[in-house]
Amino acid sequence: MLELTNVWKSFNGQDVLRGVDLAVSQGEFVSFIGHSGCGKSTLLNVVGGLLEADGGEVSLDGRAITGPGPDRAMVFQNYSLLPRLSLLANVREAARAARPERKAAVNDEVVERYLTAVGLWEHRNKRPAQVSGGMQQRTAVARAFAVGPRLLLLDEPFGALDALTRARLQQQLIELWQHESETETVLMVTHGIDEAILLADRIVVMANPPSPSVLDVIPVDLPRPRDRTSVIDEPAFRMVQERLMALLTAEEPAAA
Amino acid sequence: MTIVHPTPTEAEELSGRPATDPPPAKVKGSGRVIRFVAGIGWASVGLAAFVALWALVARSAPDLPTPGEGFTALRELLRYPFYDLGPNDKGIGRQLGVSLVKVFTGFAMATVIGVPLGFLMGGSRRAWAAVNPIVQILRPVSPLAWFPIGLVVLKDVRSAAVFVIFVTSLWPTVINTAAGAASVPVDQRNVARVFNLSRVAYIRHVVIPHSLPSIITGMRLSMGIAWMVIVAAEMLAGNTGIGYFVWNSYNGGSLSYVVSAIVLIGTVGVALDTVFMRLARKAAA
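Taken in order, these protein sequences are the chains called H and R. Just so we're aligned: 94 in this note's numbering is position 94 of the first sequence, and the numbers increase by one with no gaps anywhere. Just so we're aligned: 41 in this note's numbering is position 41 of the second sequence, and the numbers increase by one with no gaps anywhere.
Hints are not guaranteed to be accurate.
Unchecked claim - Facing chain H, a subset of chain R residues (Cβ under 8 Å, in silico): (1) 63; (2) 66; (3) 188; (4) 193; (5) 196; (6) 198; (7) 200; (8) 201.
Hint data in this document are derived by calculation from the structure and do not stem from the laboratory. Glycine included, every Cβ here is placed at the ideal spot set by N, Cα and C.
Only chain R is shown next, with the shape it has when bound in the complex:
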């Protein structure tokens, strides 16, 4: 018995270490700095234009806070972000934290249920046919419509808000997971059949790796919408959280706090999105 020990062919060596992504075109050090500075420059131009527009609007509508007032309020809020003087008077950091906890709770529940449900839908035509109509009808409904139902069933405003976030986060996760699981290439499905991979091995080695990027995309969309919806849900719930803070500030006539809260909500939203974008990039690599 002779064992053949081939060496890679010349062509293979040339086309070489191959199918990985080519390294990104190297930008020279100075070029990168210039691009970075230019980016900051243009961002400042945009920001200045936005603030100028705001100032202009604020001048004609005297009830609106000016940019200066907004900035002062923001600084004031951020000076003691975590103070706690009873249920109706908490620092802005605490309010954001309370909202984030609710969002993560509902989001986690939605992920735990949504991902397996998505796998089921993507893997079985029957499951798809059974579940898809329900998903399609419920998906366009504003999640806030679920608030009264949550309230009646759970009898607690906080739980109702978490429930609303759960419903919000469910659909994008389910749909994207199902799409990922359903799009396993024929080749890979054939390999699984020819080599008789067990169901477990198939899900583990084929379905999950293939759908991971879609799952994370679904989670990212879910998180984005959940963070938007929590503000409205807390305005309805009127209990704690950043949405409550916004509504309470409005009722107290301090619109500059509302403006500051908007800035902070946006910042947290960007931070959340960045985390998921990183995750997605990691999953795709």
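With the rest of the complex left out, here is chain H:
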């Protein structure tokens, strides 16, 4: 269980996170949505341990988060593979570094499993620059799962991809999360309303100052597995969609 209590964070005197309280239970998929600058990526980085909160407490399973750790893995927007390493080496080196206690054979087996699961095993010896953006991001997803984290943090993972590739990756992500891994909890920052609803159990709507950081938390009551084509006709989907639209339009910065 992930708990944030009264978390504050500011940059250059500007409060980005203003007293965020949030509890995410084990096994939940939570999406974060909001306009640019609302602090959703900051929140994710605080949970990931890349940023330190100015005030408040963040804990995972009762242990305070003070820095990055193997119980959490991240997928960044810009793929962020190491350019000189093959896809295989990217996943292998990260998993090896994050889980030094694993035997090499176990590590190799895990790496192969996830690279296969994202359909890249036959491309494993290519370098990132030799494959498409979608394939790079699939590698980044495999890399995160290969660590075997308790909590997966996704920072606009599919934002830079075309619609078809994005749809495919959303599907893969859900299947990996539900069937393939010990990874239980997922936090995902997104700009896409439909993406947030399709994937999440709950959606956290965030806002710019002066509103409180967490504007609302909306549960998504749609049974899984969700079919991307039929789910959009469900009344529950429509309801959440309208609610999100209303919140986000009301939040629209005056300047925009």
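With chain H held as given, fit chain R onto it using these hints.
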């Protein structure tokens, strides 16, 4: 447990094998030949204009060798480039070789020290703050100013010249390496932190690959300046090498040898630069 075996999406296939550089626009065979010939043509025009200007200047200043005299001297020098008749009389090839050895020695030492120092500066704010002021103050100093110090400390003109080359080559290498190491993208630094890469793995997989192009650029600049400075250093040292040859020819009144030496020094400089440019291209690929 079901394993998903996705195939690349259509979009992926289309945008396809993708992010590598597109092959350079293919120039048709005949087009390439025409461009090559045109290049040579224009180069000849420039060269002819330069030689004409030289001839004109030489006419009004009778002490200067004419282009013809320069060319004859060059041919003479290149006929037996490697003869060796004692310390004061060596072929031009030997003199160039002696200079190159000094340059490479000083340059190698500068690289061995400069690259790690650059990594240190680029990787640590404190190291940067400590070293950068010294670098900035020493960098604009003509390396020749170090010659007397080298002479006093090393008590040998050859070593002093190598020392001057070392100082010359140090700054561009340090600065460019530091700039490369300091500019590792935030994303890659975050990846290293999130996945807990060790310091060694971080330097090996992130810092070195990322800074390699800057390092080679720094080395290329260093080599370019070192090759310029060696001529002046050897004029001061007055011992061996192409700089000594230039100075000795001047003292012997054979300015046409000086002119030939200039041509040869330039040619070697271009060759050195080409090697590093190739290296840089390889590192960037």
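Structure-based check of each hint:
1. Hint on residue 63 of chain R is violated. Least Cβ distance to chain H is approximately 58 Å, over the 8 Å limit.
2. Hint status for residue 66 of chain R: violated, given a least beta-carbon distance of 55 Å to chain H, over 8 Å.
3. Contact between residue 188 of chain R and chain H, as hinted, is supported at the beta carbon level, the nearest pair being about 6 Å apart and thus within 8 Å.
4. At its closest, the beta carbon of residue 193 of chain R sits 5 Å from a beta carbon of chain H; the interface hint therefore holds under the 8 Å criterion.
5. Nearest Cβ of chain H to the Cβ of residue 196 of chain R: about 5 Å, under the 8 Å cut. The hint holds.
6. Taking 8 Å as the C-beta cut-off, the interface hint given for residue 198 of chain R holds, the closest approach to chain H being about 6 Å.
7. Against a cut-off of 8 Å between C-beta atoms, the interface hint on residue 200 of chain R is violated, since the closest Cβ of chain H lies about 10 Å away.
8. The beta carbon of residue 201 of chain R comes within 6 Å of a beta carbon in chain H, closer than 8 Å, and the hint placing it at the interface holds.
Violated hints, in rising order: 1, 2, 7; the structure is consistent with all others.
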